[in-house]
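Which chain is which? The protein sequence lines are G and H, in order. Here numbering that gives the first Met the number 0 is used: position 218 in the first sequence is 217, and no number is missing along the way. Here numbering that gives the first Met the number 0 is used: position 87 in the second sequence is 86, and no number is missing along the way.
Hints in this document: simulated from the structure, not taken from any laboratory. Just so you know, not all the hints are guaranteed correct.
Claimed, not checked - Mimicking BS3-like on lysine-lysine, the simulated pairs with C-alpha atoms at most 30 Å apart in a straight line are:
1) G:K36 with H:K84
2) G:K105 with G:K36
3) G:K105 with H:K84
Said to hold, decoys possible - Residues on chain H that point at chain G, a partial pick, calculated with CB under 8 Å:
4) M81
5) N87
6) L100
Think of the CB as a built atom: it goes at the ideal place given N, C-alpha and C, for glycine as much as any other residue.
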Amino acid sequence: MATAIEVQTAHGSGHGQADAHDHAEHPPTSTGLDHRKLLMWAFLASDCMFFGSLIATYMTYRGRSEELQMPPYPSEIFDIPYTSVSAFVLLMSSLTMVLALAAIQKGNVRGLRIWLTATALLGAVFVGGQFFEFTAFYHEGLSLQTNMFGASFYVLTGFHGAHVTIGIIWLLSLVFVSLRGGFAAKDSLTIEIAGLYWHFVDIVWIVIFTLVYLIPYEEVEGGEAVHEAGQMLSTIGGQFAAIGGLW
Amino acid sequence: MAGHDATIQGHGVGAHSGTEDSADHSHEHPGERTYINVAIILSIVTAVEVAIYYIEGLRDFLVPMLIVLSVAKFAAVIGYFMHLKFDNRLFRWMFLAGLLLTASVVLALLAMFWTHGYFWQNVPES
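The following block holds chain G by itself, in its conformation from the complex (with noise of 0.2 Å):
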């Protein structure tokens, strides 16, 4: 096996391309990165671009069912407490999937293999609870067709579950690889790889959980015309002036 110096002086590198990792299983690049992280990040630039898409909808049409007077509106249906719980399940498979690298990174299989299931479970709690929910909105009445609110939450907020499902799958099968003993210290960056993009998932929700959820929904009168997104924007603008007075 060749040692990073090796590789280095074949390539005559002047561009940190021979990181020692690489010289089994990864050529050197122009960038001196490896291509598959790299394109992981790619990937999340534009996954960002997928929600940034389907939270602006949500946001445009946030208010548009109490104005329209379509119920169920989101402020009946809601379960604040419940949804929280999911996000902090969600937040701690994130401690839990880094703490699967580090196990990794240090050669520890079994810890990596704990961590990981123990990954994919809190997916699955999280998972689970969205489909609950769904089907407790669908039986006080909101489908995809009910209302504006129904379709543009059913479509942010199942995508993300979507997001997450595979992200478990994606988790099954690094434990099953691991389990044929398919991975050394040396794998870790297929583990960090699998990380960012589960980091992500939970990032989004993040996102989703304050605008979605947490932000509450103005009260409508008699289904008077509302600009809900730009009352949005100059509400959001007041309260920060205000804040900025105070100080």
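Fit chain H to the given chain G structure using the hints.
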């Protein structure tokens, strides 16, 4: 050999001190203690978010407070759990570019609907 690999994988600098360090693991990742501390802070911030949601007296400042807290959580996760604080700058800029573009599009869309109203409000009566 496994032990050697463990060293260079988890702590690239340790194995490469004195060589180019532009590789993925060019900076030390934080340890378990840091991860747990960050998770505790994130849990506390989440609890604060939910708590202030129920405090009537804070209603006037609720939205900016929630936004600041969620931005802090967001930054903590990408900085520590995703290692953007420690990794190569290219990763940071690549992700921030996507994030900035997303924020711009979202704000532009909201502003547009604010200015021009909704499509069904602009339909001429027949």
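*Go through the numbered hints given earlier and state which of them the structure violates, listing their numbers in rising order.*
No numbers; nothing is violated.
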